[in-house]
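Please put together the full structure from these sequences, using the hints given.
There are 2 protein chains.
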Amino acid sequence: MLDKVKKTIKRYDLVEVEDRIVVAVSGGPDSIVLLHALYSLREEFNLQLFVAHLNHNFRGIDAQMDAQYVANFCEAMNVICFVKSMDVPKYAKEQGLSSEEAGRVLRYKFFQEVVEKVGANKIAVAHNQNDQAETVLMRLLRGTGIQGLTAIHHGRGQIIRPLLDISRKEIEEYCLLHNLSPRIDETNLEPIYHRNKIRLELIPYIEEHYNPNIIESLAKTAEILKKDNEFIEIVGKDAYKQVMLQAREGCLEFSMEGINKLHIALQSRIFRLATEALVGKLEALEYKHMQSIMELIQKSETGKKILLPMGIIVKTSYNKVIFTTQEQEEETTFYYPLRENGHTKIEEVQGVIITKVIERDNIEAISRDKYIKYFDYDKIKQTLNVRNRKDGDRFWPLGLVGSKKLKDFFIDYKIEREKRNQIPLICDGEEIMWVVGFRISEKYKVTDETNKILSIQYNPPSDVE
Amino acid sequence: MLDKVKKTIKRYDLVEVEDRIVVAVSGGPDSIVLLHALYSLREEFNLQLFVAHLNHNFRGIDAQMDAQYVANFCEAMNVICFVKSMDVPKYAKEQGLSSEEAGRVLRYKFFQEVVEKVGANKIAVAHNQNDQAETVLMRLLRGTGIQGLTAIHHGRGQIIRPLLDISRKEIEEYCLLHNLSPRIDETNLEPIYHRNKIRLELIPYIEEHYNPNIIESLAKTAEILKKDNEFIEIVGKDAYKQVMLQAREGCLEFSMEGINKLHIALQSRIFRLATEALVGKLEALEYKHMQSIMELIQKSETGKKILLPMGIIVKTSYNKVIFTTQEQEEETTFYYPLRENGHTKIEEVQGVIITKVIERDNIEAISRDKYIKYFDYDKIKQTLNVRNRKDGDRFWPLGLVGSKKLKDFFIDYKIEREKRNQIPLICDGEEIMWVVGFRISEKYKVTDETNKILSIQYNPPSDVE
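Heads up: the sequence lines are chains S and R, in that order.
Heads up: the first sequence runs through residues 1 to 465, numbered per full-length UniProt numbering.
Heads up: the second sequence runs through residues 1 to 465, numbered per full-length UniProt numbering.
It is worth saying that the hints were derived from the structure and are not from the lab.
Do not rely on the hints blindly, as some may be mistaken.
Using 16 Å as the maximum straight-line C-alpha spacing, the simulated EDC-like pairs for lysine to aspartate or glutamate come out as follows [as the list claims (entries may be wrong)]:
id	chain 1	residue 1	chain 2	residue 2
1	S	10	R	295
2	S	7	R	283
3	S	315	S	329
4	S	197	R	393
5	R	379	R	428
6	S	288	R	295
7	R	197	S	257
8	S	299	R	13
For the chain R half of the interface with chain S, some residues (derived, Cβ under 7 Å), not all of them [to be verified]:
id	residue
9	210
10	211
11	220
12	227
13	231
14	263
Beta carbons: idealized from backbone N, C-alpha and C, even for Gly.
See the structure below:
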């Protein structure tokens, strides 16, 4: 087994001469064998070993005996051992994590502390080939994509896993051969947890009926998929940068044509990276969401929008694909002064305002378009501008007897809260002249006395609502 | 269900207007639903449908009833139906194929016949989402890599699979809804065959205990992996061409540096393509073989060689990686005339011959190197040349009383059959002067009477034997 471990170490460059390694030791067979194996190699590589053991406080007196066992084992080898006790159940409750996740978080936090204390450069953890296979199978059954299937890495950052090519059977044999009697975690023997159920029921069932070497097969598959995925991610990151047009806080713009030219495998990586940039999580989108983004882009229609989990919004605008969030859209504020005759683009909503002052007699036809309205030019007293809503806005809708809160107007029109910030308001100073797309103000309407007319047209980001 | 089929057809461009489609119909639920669905779409797409039914002669009277059922079903729809009976069991036996494989071969051959007869451009087959999931699971359990996991394609070449996103459950519901009563293949209900065992035992077990949507999950995973693999294969094909230095029949040479610079995911694709070019099969190499090729290349040592399944040989020579076959190496023949003073490269074995004529008195030191030998120049009467063995060669080894068959000489020296063709023979016309690396000829040895000496040095492709 030691030869196999050395081969793994060499193949993946896990250990270098003079490394200072913190070994994570629970006291179970895997971690005791890991410590023993690294200890056997310490002279060859001139290693400095340290041990870190965390008492998770899940199993009372048993856990204390684990700690004692690890301490004694280290003492016999003359290896410094750091033991810490943390209330994982309490932390899990506080943070709303599963006990597994909470354990992992606190464990790695503790390892990091030890690393800093002793000036180590690596952390060795004891995952083996069975863990690898179980993870792949577990994720496959859940239906994750390639990222999920690629499972555990031999080495990543400071973390190294020298036993990842060693099966549980080989670990047990090594224990017998070297007279090691590690502690057994009884909870691992109960098929209650999902992973334990796979380990204790599904894998033995498959071994018996389908493939006695399923552990090795799955580990190999994971290895191949890991490499493939790694490659696509590398190419994907380049592509992501290439098709990106602009990145603002909470808003990423990509070239639609650029994305459309890429292979779907790369498109999905770009969407994942965009998701990560927006909400900090690569995995926020499922397969079906990826598909709907791809369909949106394939159609190349402007002004389309889809709402995805975690408030992610993907929309198209002419030649752009825009990834943003609901939160971002709600926080949108904009203000642009308008000339009396001119085009003004509202970047935030990708719409355009066209203004024109016309003598009354020159008006040819009155448009009924909800995006073209006419106002009495001489009633405008202050700066003509376009902005979005703010607290306290009031508005006098055409035909009503007086003004009302803009908020109530939105409610009357059943305009969803997250859309309200996107609606342009044409204003005379602070006074709202037109809630674009909905209603103009009674105060600015064209009357028999009107001489000059201000015509305002709004071009929304698309002809499609 | 019909909407879903249309979506699949659209997404994967399976059907175009005016297509002429041969529908493969066994008479079971899948193929009857496929025919019924395409028939429902025939006007929308202006399709011409034809049916092909093969009687495999596995199930006697039942099979004849299947054929009758299909014929009647088609008649009711007024669709032309081609029925053929072939002795699949006999063919399987003759060709040494499993009955599943034999059935597939004959079936597609028959479909092809029908395609040509009616001038069709597509063949529709009835694989569904469950088949997809079962295939993935089956291959995963066997331990195939990503290519194995990517499973069935929606459309490839002439073949289209419009039902690939439809589950078996949806097919059964469709049958009920449209009052279809397809034939049931009883052999599909027996968990004897590997696939049936997965369908009838493993999947229901997983559905009950782990994931009720396992079929959909696996199908999605297959879809994602397929796209990823497709992308890597496209990039891999480009890389293959870029790192290739030379391609001769049965022998491919690549730049070692070129391959070493590539990501492992691409390296493995290149090895697969080389394998396909050599032995006609992409899948000849397993994971461990790929790994040993990668290790060979990583070390960048010249003159190394590994033997792989199907007689594939991978060897390194200076800056080259050479893929060839044992057969090819055995068939190697070469012949080069040698100048009296000069360098001659033997391309076939990547070795170099250096010749020099020296006055006896000018010889300084006699080398004991097995690759540097001295000959009596004046005994050479014909053309000096280097070649490899041919039938009938004889040789008089230094120190022996007479000549013997070269073949017997090789046997005495325990030189393996496949290596014999690689050994350079320095000759005077047809007469062998030196079996390079082994023994010179008694006839050409330097004696007291020698005046001029011909020194010959051989540089093998590496200093490593």
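Hints, one by one, checked against the model:
1. At roughly 11 Å between alpha-carbon atoms, residue 10 of chain S and residue 295 of chain R fall within 16 Å of each other, so this suggested pair holds.
2. Pair hint residue 7 of chain S plus residue 283 of chain R does not hold up; C-alpha atoms about 26 Å apart against a cutoff of 16 Å.
3. At most 16 Å may separate the alpha-carbon atoms for a hinted pair to count; residue 315 of chain S and residue 329 of chain S meet this at roughly 12 Å.
4. Distance restraint check for residue 197 of chain S and residue 393 of chain R: the Cα-Cα separation of roughly 69 Å exceeds the 16 Å cut-off, and the hinted pair is therefore not satisfied.
5. Taking the CA atoms of residue 379 of chain R and residue 428 of chain R, the gap is near 9 Å; set against the 16 Å cutoff, the hint holds.
6. Only pairs whose Cα atoms come within 16 Å are accepted, and residue 288 of chain S paired with residue 295 of chain R is rejected, the gap being roughly 40 Å.
7. Distance restraint check for residue 197 of chain R and residue 257 of chain S: the Cα-Cα separation of roughly 47 Å exceeds the 16 Å cut-off, and the hinted pair is therefore not satisfied.
8. Our distance criterion of 16 Å between C-alpha atoms is met by residue 299 of chain S and residue 13 of chain R, whose separation comes to about 15 Å.
9. For the restraint placing residue 210 of chain R at the interface with chain S, the shortest Cβ-Cβ distance is roughly 5 Å, inside the 7 Å limit, so the hint holds.
10. Evaluation of the residue 211 of chain R hint against chain S yields a held restraint, the C-beta minimum of about 5 Å falling below 7 Å.
11. The closest approach between the C-beta of residue 220 of chain R and any C-beta of chain S is roughly 5 Å, which is under the 7 Å cut-off, so the hint is satisfied.
12. For residue 227 of chain R, the shortest C-beta to C-beta distance to chain S is roughly 5 Å, which falls under 7 Å, so the interface hint holds.
13. For residue 231 of chain R, the interface hint holds, the least distance from its beta-carbon to any beta-carbon of chain S being 4 Å, beneath 7 Å.
14. Taking 7 Å as the C-beta cut-off, the interface hint given for residue 263 of chain R holds, the closest approach to chain S being about 5 Å.
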